[in-house]
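**Student:** As a plain string of letters, each chain reads:
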Amino acid sequence: MTHPDADTLLKFVLQTLDESEGSSVAEHLAVCVRCGDLHQKLLGEVTRLGQVGFHIDLPAPPGIPRRSRLPLAVSRWAAVLAIGFLMGYLTAQLSDPVRPVVIQQRLIPTRAEVSSSGFVSCQAIDATTSP
Amino acid sequence: MIDDWDCLDLAHGGDENAWRDLFERHYPSLVRMTSSITGSVETGHDLAQESFVRLLHVRIRHHTGTFKSFLSTIAYRLALKERSRHDSHPPSDSALIADSSPSPLELAIRDDTDRIIFQVIQSLSAEHREILTLRLIGGQSYEEIASLTGVPIGTVKSRMFYAVKICREMMKQRGVFK
Numbered sequence: 000m001t002h003p004d005a006d007t008l009l010k011f012v013l014q015t016l017d018e019s020e021g022s023s024v025a026e027h028l029a030v031c032v033r034c035g036d037l038h039q040k041l042l043g044e045v046t047r048l049g050q051v052g053f054h055i056d057l058p059a060p061p062g063i064p065r066r067s068r069l070p071l072a073v074s075r076w077a078a079v080l081a082i083g084f085l086m087g088y089l090t091a092q093l094s095d096p097v098r099p100v101v102i103q104q105r106l107i108p109t110r111a112e113v114s115s116s117g118f119v120s121c122q123a124i125d126a127t128t129s130p
Numbered sequence: 000m001i002d003d004w005d006c007l008d009l010a011h012g013g014d015e016n017a018w019r020d021l022f023e024r025h026y027p028s029l030v031r032m033t034s035s036i037t038g039s040v041e042t043g044h045d046l047a048q049e050s051f052v053r054l055l056h057v058r059i060r061h062h063t064g065t066f067k068s069f070l071s072t073i074a075y076r077l078a079l080k081e082r083s084r085h086d087s088h089p090p091s092d093s094a095l096i097a098d099s100s101p102s103p104l105e106l107a108i109r110d111d112t113d114r115i116i117f118q119v120i121q122s123l124s125a126e127h128r129e130i131l132t133l134r135l136i137g138g139q140s141y142e143e144i145a146s147l148t149g150v151p152i153g154t155v156k157s158r159m160f161y162a163v164k165i166c167r168e169m170m171k172q173r174g175v176f177k
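Protein chains in written order, with numbering that gives the first Met the number 0: chain A, 0 to 130; chain B, 0 to 177.
Bear in mind the hints are in silico, worked out from the structure with no lab data behind them.
Incorrect hints may have been included.
Take a look, some chain B residues computed to stay more than 12 angstroms from chain A by CB distance [what the hints assert, rightly or not]:
1. ASP2
2. PHE51
3. PHE66
4. SER83
5. LEU104
6. THR132
7. THR148
SDA-like, lysine to any residue: derived pairs with alpha carbons at most 25 angstroms apart [unchecked claim]:
8. B:LYS177 / B:ARG128
9. B:LYS171 / A:GLY62
10. B:LYS164 / A:ARG33
11. B:LYS80 / A:GLY62
12. B:LYS177 / A:GLY62
Note that CB positions come from ideal geometry on N, CA and C, so glycine has one too.
One chain only, chain A, in its complex shape:
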């Protein structure tokens, strides 16, 4: 292999070359001192970019919140049971039987409602009764 150019060596350092190209560069670096030196230089520069030294006064870590004494699984089951009871209670309340009111309409007049002339009075003859 001919000497790889600086960009190819940089890509090799950054591990962005594909596998076949990367392995041929690696083979070349094993035998070429000049490229080996350039490779070391690039490696040092890339490493340096990621090592900006910050002066950091380490603060106290955030406090660990206190956890419930009940294990999570128990808490979950308790919540499920509570919701179940609530739903059951509401269902029972809503399904309470109420006596239906039946409205009947009498279409056939009673004898008393028929006048002597044979006409039926036009007054309402609806009646509300219980079954």
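Put chain B on the given structure of chain A with help from the hints.
**Tutor:** Chain B alone, transformed into the frame defined by chain A:
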């Protein structure tokens, strides 16, 4: 040393020592990452704290990937939210002019070279800066970055390459890299 995931499990059970260990291990790198994305060290601290608060309340069934990557994902999402909030309410010009005291950045990054690197990274476009930060500071794989950002993996790799290339050129101009 106890594994990070085990530390988190212990912390969820109320173990203060495990929680402190985890915090000390990851807080500094998280501040670097969130500061780099938002461009503000103060915001970086706030978001790193918030990430740890979220960590306490998250329920993890399976430990997939590294803990660092998991935590970085939380921080990245918070940082992105904060940045979009900040972009919609930028500080007024008068506020920028009035503030001539050393910035929190200058107080936090005391080494000149480190400050130049930070400023160079800040000068990248948001897309390039995010990927470079997630990869070099967040320690995430390209697959994880692609999944997190919703960008195809080929594009992620391409942006990473150009981000580093641009940074190298700017560092050379400033005499940091030779």
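**Student:** Against which earlier hints does the structure fall short, listed by number upward?
**Tutor:** 2, 5, 6, 9 and 12
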